[in-house]
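Asks: Next come the chains, spelled out residue by residue.
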Amino acid sequence: MGLAERVASGDRRAAARLISLIEDGDESIRPELAELHSRGGKAHIVGVTGSPGAGKSTLIHKLAKGWRERGKTVGIIAVDPSSPFTGGALLGDRIRMQELSTDQGVFIRSMSSRGNPGGVAKATADAVRVLDALGMDKVIVETVGAGQSEVAVMDVVHTVVVVIVPGLGDEIQAIKAGILEIGDIFVINKADRDGVEAAQRELEMMLELDGEKDDWRPPIVKTVARTGDGIAEVVDKIDEHWAMIKREGLLEESERQRSRREVLELLKHKAVLSLLSEYGPDDFDALIKDVAARKMHPHDAVERIMEKKKK
Amino acid sequence: MPIRVLVAKPGLDGHDRGAKVVAKALRDAGMEVIYTGLRQTPEQIVETAIQEDVDLIGLSCLSGAHMTLFPKVMELLHAKGVKDILVTGGGIIPMEDVPRLKKSGIAEVFGPGTTSDEIVSFIKKNVKQRT
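Chains as they are written, first to last, in this note's numbering: chain A, 1 to 311; chain B, 1 to 131.
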């Protein structure tokens, strides 16, 4: 039996191994991935993003418990950055989720960005396919919301939850670039701290400025994930968002958008590799040297590479 | 491909300084280290190792219960049909216990005084390249 088939029959080891092969960028599993893709599309994919220390892992643990109580199975993919120096990573998101680790209705996987933030979005999309095929009703993807690569990871989900904490002053300023626009639900976590009202006002103001979306006005929910306060409401809102997507016939559109972004990302990746392999590493190094020595503008260097392809 | 390691603290043991030092050393050696915190049951450790598809489990125990907990982890791994994950132990473990631990399937035991380099080179040498 192939890995894809084993995953579809509920084999958790096969799922874990397939995700490893995805992370390794192993090309030989492409038929397996194609099979998963053709069978998939059942799971509701939920992204959770926010600054380090916002309480994402604790919140996800509680959300997962909430869904388990409602009879849903839950997959979790926790993405953490790798060290730019050694490539190594310390993945500690599970510390806050241990209660779930022996629950057969839950599958948690930690992934590192392996020094290639663009690549992690690609791997995440396929890892989601694995957990979807494994039969998870909800698949949660967790990333640190601190840059474009994290925003790219959120491209693969249906519903984006943005987590902020009060009292950091510029918290909302920091997340507004890119993240605010993609948030479907905003959670002000650690709401037992000072500054909740101010954070809520500021967030409401930013969302007003952002203009109301036609079919969904992003709700703001206050939580204390540690105690569980407000969690049921977040679960409700996420489920409501999913119901809305399906009710309004937006699922097809959402799938199309997600597919378009994924194909474009893959194309960019492959196109760059193919152009570079055509140009040759030595010639490429020579070009880079010229740019560094200011004999050539980067634009012209790129033009040079593109021209070679045309010929 | 980076080696994936689970650093785990089984049982009722509140001391994780050593485990954290080892986890950081392995990360700095280019490995992906999953750390799960204190007071794990052998069942949790084995299930986590499966979901994370690790190459190696590093068990740390300073409570004296290693003779129960380490073999229990091995037993559960075998029950699940897992044969390709290497398991090592560390902590306060008397020399005379080591042969019996190894007999239960623990690949190596790292006691006090072991350097990070020794652990890193053991892992790099003994973890099988995945296929």
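Derived by calculation from the structure, the hints in this document are not laboratory data. Even glycine gets a Cβ: it sits at the ideal position worked out from N, Cα and C. Mixed in with the good hints there might be a few duds.
Stated by the list, open to error - Here are some of the chain A residues that sit facing chain B, going by a computed Cβ distance under 10 Å:
hint, residue
1, Ser9
2, Arg12
3, Ile29
4, Arg30
5, Leu33
6, Ser83
7, Ala89
8, Gly105
9, Arg109
10, Ser112
11, Ser274
12, Ser277
13, Glu278
14, Pro281
15, Phe284
Said to hold, decoys possible - Simulated DEER-style distance windows between Cβ atoms:
hint, chain 1, residue 1, chain 2, residue 2, range
16, B, Lys24, A, Asp229, 33 to 41 Å
17, A, Ser274, B, Glu43, 42 to 50 Å
18, A, Ser28, B, Gly64, 45 to 53 Å
19, B, Ile92, A, Val302, 31 to 39 Å
20, B, Thr68, A, Gln257, 48 to 56 Å
21, B, Gly64, A, Leu273, 51 to 59 Å
22, B, Met67, A, Glu240, 22 to 30 Å
Asks: Hint by hint, note whether the structure agrees.
Replies: Results for each hint:
no.	hint	verdict
1	Ser9	violated, 15 Å
2	Arg12	holds, 6 Å
3	Ile29	violated, 12 Å
4	Arg30	violated, 17 Å
5	Leu33	violated, 16 Å
6	Ser83	holds, 7 Å
7	Ala89	holds, 5 Å
8	Gly105	violated, 12 Å
9	Arg109	holds, 6 Å
10	Ser112	holds, 5 Å
11	Ser274	violated, 23 Å
12	Ser277	violated, 21 Å
13	Glu278	violated, 27 Å
14	Pro281	violated, 22 Å
15	Phe284	violated, 25 Å
16	B:Lys24 x A:Asp229: 33 to 41 Å	holds, 34 Å
17	A:Ser274 x B:Glu43: 42 to 50 Å	holds, 48 Å
18	A:Ser28 x B:Gly64: 45 to 53 Å	holds, 47 Å
19	B:Ile92 x A:Val302: 31 to 39 Å	violated, 60 Å
20	B:Thr68 x A:Gln257: 48 to 56 Å	holds, 54 Å
21	B:Gly64 x A:Leu273: 51 to 59 Å	holds, 54 Å
22	B:Met67 x A:Glu240: 22 to 30 Å	violated, 52 Å
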